[in-house]
Amino acid sequence: MTPALELQGLSVSLGGREVVSNVSGAVQPGSFVAVCGLNGSGKTTLLRGALGLLPKASGEARLFGRDPHALKPAERASLVGYLAQERRIAWGVSAQAVVELGALTAPPDEARERASKALAHVGLTDLADRSVFSLSGGERARVLLARLLASRAPLLVLDEPIAGLDPDAQLMTLELLKAQASAGVAVVATLHDLLLCERFADFVVVLDRGRPAAWAPPCDALTPALLAECFNLDAEWVGSSRGQFLSAKRLR
Amino acid sequence: MNRFALELLLIAILIVAIAAGVTLGEAPLSVAQYAQAFAHPSSAPGEVLWSIRAPRAVVAALVGACLGLSGGLLQGLLRNPLADPGVLGVSACAALGAAVAIVAGFALIPGGVIAAALVGAVVGGGLLVAFSARFPEPEALILFGVALSSFAGALMALVFNLSPSPIATAEILSWLMGSVENRSWTDVAAVAGPLALACVLSVLAARALRALTLGEETAATLGLDMPRLKLIAVIAASIATGASVAVAGVIGFVGLAAPHLVRAAVREDPARLLFPSALAGAVLLVLADLAARIIPTEQELRLGVFTALVGAPLFALIAWRAARSWRT
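Just so you know, the protein sequences line up as chains A and R, in that order.
Quick note, the first sequence lines up with residues 1 to 252 if you use this note's numbering.
Quick note, the second sequence lines up with residues 1001 to 1328 if you use this note's numbering.
Heads up, some of the hints might be wrong.
[As the list claims (entries may be wrong)] Think about it this way: if two alpha-carbon atoms lie no more than 25 Å apart in a straight line, the pair counts; the simulated SDA-like pairs of lysine to any residue are:
(1) A/Lys72 x R/Val1200
(2) A/Lys72 x R/Ile1011
(3) A/Lys56 x A/Asp208
(4) A/Lys72 x A/Ser94
(5) A/Lys178 x A/Ser58
(6) A/Lys178 x A/Lys249
(7) A/Lys72 x R/Ala1115
(8) A/Lys178 x A/Thr45
(9) A/Lys72 x R/Arg1324
(10) A/Lys178 x A/Arg87
(11) A/Lys178 x A/Gly239
(12) A/Lys56 x R/Ile1235
(13) A/Lys72 x R/Ile1235
(14) A/Lys72 x R/Glu1137
(15) A/Lys72 x R/Arg1228
(16) A/Lys72 x A/Ser11
(17) A/Lys178 x A/Thr223
(18) A/Lys56 x R/Ile1109
Just so you know, the hints here were simulated from the structure itself, not pulled from any lab data.
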């Protein structure tokens, strides 16, 4: 099966400085891959480089076997739905209008239908006509998720999708993404919460100052040794009847 | 109200406003003279209505439409409710072109000042296009526009400084104050063509403005060729602004105010806003010109002065409301 996203020694530079170095790995359709690392470790740059939104310094990125830089904008939009870290919405347009942007290249009737279904999927049908400025942070996050669902792209890439959300909204978001993965969509998301990485992700990519420290299932990636090396944590996983918990304190 | 109903309403108001602009004026006409003007357009009252007032009202409408369209385009492009055709310096460059032409004596050549203003606008727009191709971020474009506007302003001051003739200086000042007085059907044609072109380009760029609602980075992934469409939007705004300055001089704040008047009615959609904004700009300027003509003052109020007097407090109000929303 062609991987949804494949990286072969990908390096990405920003302002002449190499921010991501030599990352290799593949994301298969139906899998949920979490990317984690400290602030400034290169997570966002890796995502943007992988999607062809930044020029690569060296190596290769492939979206469903194709060079993202060679894709036309509409082709890329049909393959990838991307949630950027910047969530500001400039105008007080309706929730429906925001979600329709996920299907911007589709005919208007189809875009409307896809947006309505996506809003129903995240439980916001009643708020479709409301201005996004009148929605709560959690509701707005669901609208932006619905925008990704309306794209119907087989690969969803999300930069910190649960940042700033309350625990319930965090779990709702990750459950929705997990369900998408179960339905065959490839999901890549940057996450800071290691516990949620362990619970939801099939694979975890750990970046340490731009270099890949791990690309493996959570139990193999998030070892006490790696948590000490990359996250400055004296940590261990503790098993319980409700799953694994992380017991951690700062090393220094 | 849907967009179609809003546009119909604005068109109806515009027709009434232009009719008022044609029929009302400083020189009062009797009912018999109006009848004569309609029956015999070449009669003296007919000349007043169809050769003086009508082209003036239509030029005001077209210039207002140019400014309203530019404002809608630039606010959508820069995602900034305070953007205005003047912000990016195109108006200042056009005015500089006109000033240089007046000092150099081109005012004696028919259309010389208008052509020079258009050249100034095209040069300013060209610089913006070249800059935005290299640095596409809206903040960078605003900063460059402010710098361009300041530099053109400084060159304008230099022209004033070095101007050999007080008559030329007075003429430049008159241009800077903006007016549609004594405009002819030739001026109508001079602004109608560029406005039509800017409208066509706006249709192409509209979806890009809608995509930009979610920010530059997200817009780049929604399936549109954003660099090309943003360039088209800048070109459309430059053409429309240049044409308006070329024909009517510098008229501020209409480009700022027009989009705000219709934004709520189009549910803040920056793509659907463009044509209602152009129509609102047309209505605003026809009404402003009418007010400037019929308000009794010793000297006729200059249109640019009048719009600035009304527009500057509006600008402050919008800034105040925006600042309040940033705090919440």
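Hints versus structure:
For a cut-off of 25 Å, the pair hint linking lysine 72 of chain A to valine 1200 of chain R stands: about 24 Å separates their Cα positions. Proposed proximity of lysine 72 of chain A and isoleucine 1011 of chain R is contradicted: the alpha carbons are some 40 Å apart, above 25 Å. Restraint check: the Cα-Cα separation between lysine 56 of chain A and aspartate 208 of chain A comes to about 19 Å, which is no more than 25 Å; the hinted pair holds. Distance restraint check for lysine 72 of chain A and serine 94 of chain A: the Cα-Cα separation of roughly 29 Å exceeds the 25 Å cut-off, and the hinted pair is therefore not satisfied.
A C-alpha spacing of about 32 Å is found between lysine 178 of chain A and serine 58 of chain A, which places the hinted pair above 25 Å, so the restraint is violated. Of the pairs offered as hints, the one joining lysine 178 of chain A and lysine 249 of chain A is violated, with about 29 Å between alpha carbons and a cut-off of 25 Å exceeded. For the hint pairing lysine 72 of chain A with alanine 1115 of chain R, the CA-to-CA distance comes to about 40 Å; that exceeds 25 Å, so the pair is violated. For the hint linking lysine 178 of chain A to threonine 45 of chain A, the alpha-carbon distance of about 24 Å falls within 25 Å, and the restraint holds.
For the suggested pair lysine 72 of chain A and arginine 1324 of chain R, the alpha carbons sit about 41 Å apart, so the restraint of at most 25 Å is broken. Taking the CA atoms of lysine 178 of chain A and arginine 87 of chain A, the gap is about 22 Å. The hint holds against a cut of 25 Å. Annotation: proposed proximity of lysine 178 of chain A to glycine 239 of chain A holds, straight-line Cα distance about 22 Å (limit 25 Å). Restraint check: the Cα-Cα separation between lysine 56 of chain A and isoleucine 1235 of chain R comes to about 31 Å, which exceeds 25 Å; the hinted pair is violated.
Pair hint lysine 72 of chain A plus isoleucine 1235 of chain R holds up; C-alpha atoms about 23 Å apart against a cutoff of 25 Å. Distance hint between lysine 72 of chain A and glutamate 1137 of chain R is fulfilled; the C-alpha atoms sit about 21 Å from each other, no more than 25 Å. Proximity of lysine 72 of chain A to arginine 1228 of chain R is assessed by CA-CA distance (about 13 Å); at most 25 Å being required, the pair is judged to hold. Distance restraint check for lysine 72 of chain A and serine 11 of chain A: the Cα-Cα separation of roughly 22 Å lies within the 25 Å cut-off, and the hinted pair is therefore satisfied.
Among the hinted pairs, lysine 178 of chain A with threonine 223 of chain A is consistent with the structure: their alpha-carbon atoms are about 23 Å apart, no more than 25 Å. For the proposed pair lysine 56 of chain A and isoleucine 1109 of chain R, the alpha carbon gap of about 56 Å is over 25 Å, so the pair is violated.
Checked against the numbered hints above, the structure breaks hints 2, 4, 5, 6, 7, 9, 12, 18 and satisfies the rest.
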